[in-house]
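One letter stands for each residue in the lines below.
Number of protein chains: 2
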Amino acid sequence: MPEIRFNVVTQDWIVFAGERARRPDQFAEHGIERQPRPARDPQCPFCPGNEAMTPPEIFRLPADGNWKVRVVPNKFAALDSQGELHRRAWGLKRVISGVGLHEVLIEAPEHDRTMPMLEPEEMRSIIRVYHQRYCAAAADPRVAHVTVFKNHGLRAGTSLVHTHSQLIATPIIPPQVRSRMENALRFYDEYGDCVFCRVLAEEEADAERVVVSTDRFLAFIPFAAYSPFHTWIYPRHHEASFALATDEELDDLAVTLRTVLRKTWRGLNDPDFNLAVRSAPAECAMVKYYHWYLSVIPRVTRIAGFELGSGMFINTGIPEQTAGFLRSVPAG
Amino acid sequence: MPEIRFNVVTQDWIVFAGERARRPDQFAEHGIERQPRPARDPQCPFCPGNEAMTPPEIFRLPADGNWKVRVVPNKFAALDSQGELHRRAWGLKRVISGVGLHEVLIEAPEHDRTMPMLEPEEMRSIIRVYHQRYCAAAADPRVAHVTVFKNHGLRAGTSLVHTHSQLIATPIIPPQVRSRMENALRFYDEYGDCVFCRVLAEEEADAERVVVSTDRFLAFIPFAAYSPFHTWIYPRHHEASFALATDEELDDLAVTLRTVLRKTWRGLNDPDFNLAVRSAPAECAMVKYYHWYLSVIPRVTRIAGFELGSGMFINTGIPEQTAGFLRSVPAG
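These protein sequences, in sequence, are chains L and Z. Using my numbering, you'd call the opening residue of the first sequence number 1 and step up by one each time. Using my numbering, you'd call the opening residue of the second sequence number 1 and step up by one each time.
So that you can see chain L by itself, here it is in the shape it has in the complex (with noise of 0.2 Å):
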């Protein structure tokens, strides 16, 4: 008999299907074409030597020499940097002008490796960056929210192969993120405590759901995830946002989020993934309620008409088999 799981962080019901539930094993990719890539591509933006290509530079590690990871406004911005934020409203119409911040971080020289084959140190760093650019983007004025994000791989949208991260701050707190605080809010209402401390105590207890558990973070697929293998990492400390990660837990985020990274890439066979920090807005850094974290989403599956029609999603890979088969694969 399938079953239908409630998310009790994103009040979501979440359809676990029955006859259509597959082996992890059967997720492993073996379509996705990867094209072997030369260690530099003169026509990459993102390659070194070509930095005339991109924008000027807003930020590098290391300041001198050659960097190891840099960071550009996107040439295609989705947002505006420049000009004032202002509303108009007719009719039923609501329009802000689209000011905000899109960057992007380059996460590695070379054109040939990609987030999953970076070193501890190389992860180290990037998670810094990270949170650096995070931290200036939440300090803008205009700024309500800051989405730290990345796509690997065509199904999950990556137009440039060259490995990088993006960043974007909208004007605007997302209606998502307002009701996953609002969601939130009501159970601290109810319960005294954050739901997110709750769900990180009970899936440690539960272990069956668990891939990778640190010092400082819990890397699980949630009892109702949307989708196979989508894993959250929470730090165990409670803060809201991401601003407030210190250096140590920022190193074992690194730590943590490479291994789960790892582990995808060979248990699944380099599948197309995307990742997004998910953060209480920066007004909201210090609320007892909201608890910041990293989400994990192999794009294995695809996102159809039932899940556009309904907002409900079928999730095809069982979360105690899918984390069971993660934990069992090393991380190399």
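Since the hints were derived computationally from the structure, they do not count as laboratory data. Model, not experiment: these values are computed from the prediction. The reader is advised that the hints may include incorrect statements.
When chains are identical, the list treats them as one kind, so a pair holds in a single copy or across two.
[What the hints assert, rightly or not] Here are the simulated lysine to aspartate or glutamate pairs, EDC-like style, with alpha carbons at most 16 Å apart: (1) 93 / 320; (2) 68 / 121; (3) 93 / 204; (4) 93 / 206; (5) 288 / 190; (6) 93 / 208; (7) 68 / 122; (8) 93 / 12; (9) 68 / 110; (10) 93 / 202; (11) 288 / 193; (12) 93 / 3.
Since the structure of chain L is provided, determine the placement of chain Z on it from the hints.
Showing chain Z alone in chain L's frame:
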């Protein structure tokens, strides 16, 4: 300057990208491989002669002789049509047994035709069958909500190429449907009117986002559409539930939908697409504040990390331009 528009029906903000906006004709698909298909495939469970490859037939048109439309249970059903509905709760976990209906509506006997290629008479039959199955499913006492949808092409989540739609009836009302109803109710309380009826009137008056206008329906690209060419088809007459559509409306819907699909098919070179009937749950069929409609979603862009990480969408097609483009394409 990009703008961020508010969708008054869904209460979402959509980013209309500045630098990355594309001309309507730039969305035409060139990369999608459509393998030439025979008119009949001996391996296809939806082809005539292979009826034994599907579970027993639920419904067919016409009742006798060769079928033109055929409805069967999905062999790999996401939900189980047998068994009792029960709930369990322990710790933070809430689970409902996966009881429900999952049907396949085979739209035509021929293996090599797709919905945009079908004749008006055939579309009329399909929409009548949509309605018949919708009403039958909604009458099942275990069913709380019914979604009729279609996946066309790989990007849209199809696994079988033979043209078909699906119906999933869930034992719960999807939370997204609930929240949209709450939004509509608040609008009604504030303005004493159905927000959908208001949108319909405003879109008709503005005219620039209209794709097709018929006696009983208006097809338009919403002011804050989620993705390029995302089209809504609204019945002009206020009705919360698809179950209440009259035969005249169903026939007009078939014409309207066919026109939209043919314009999309020609203008965008046979893109993958999803289609979904969105309706109030059966228990709310008579409410004054909600309005059923049909969504057509060409899958010409990808849902990426920003969308998954924030719930906000970036749309690279400007509704006024994409609607103008579709108006200019003959439905032929």
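A quick look at each hint next to the structure:
no.	hint	in the structure
1	93 / 320	between (45 Å within a copy, 14 Å between copies)
2	68 / 121	within (11 Å within a copy, 63 Å between copies)
3	93 / 204	between (46 Å within a copy, 14 Å between copies)
4	93 / 206	between (48 Å within a copy, 12 Å between copies)
5	288 / 190	within (13 Å within a copy, 33 Å between copies)
6	93 / 208	between (48 Å within a copy, 14 Å between copies)
7	68 / 122	within (8 Å within a copy, 60 Å between copies)
8	93 / 12	between (29 Å within a copy, 12 Å between copies)
9	68 / 110	within (9 Å within a copy, 57 Å between copies)
10	93 / 202	between (44 Å within a copy, 10 Å between copies)
11	288 / 193	within (8 Å within a copy, 39 Å between copies)
12	93 / 3	between (40 Å within a copy, 12 Å between copies)
Comparing the model with each numbered hint stated earlier shows that all of them hold.
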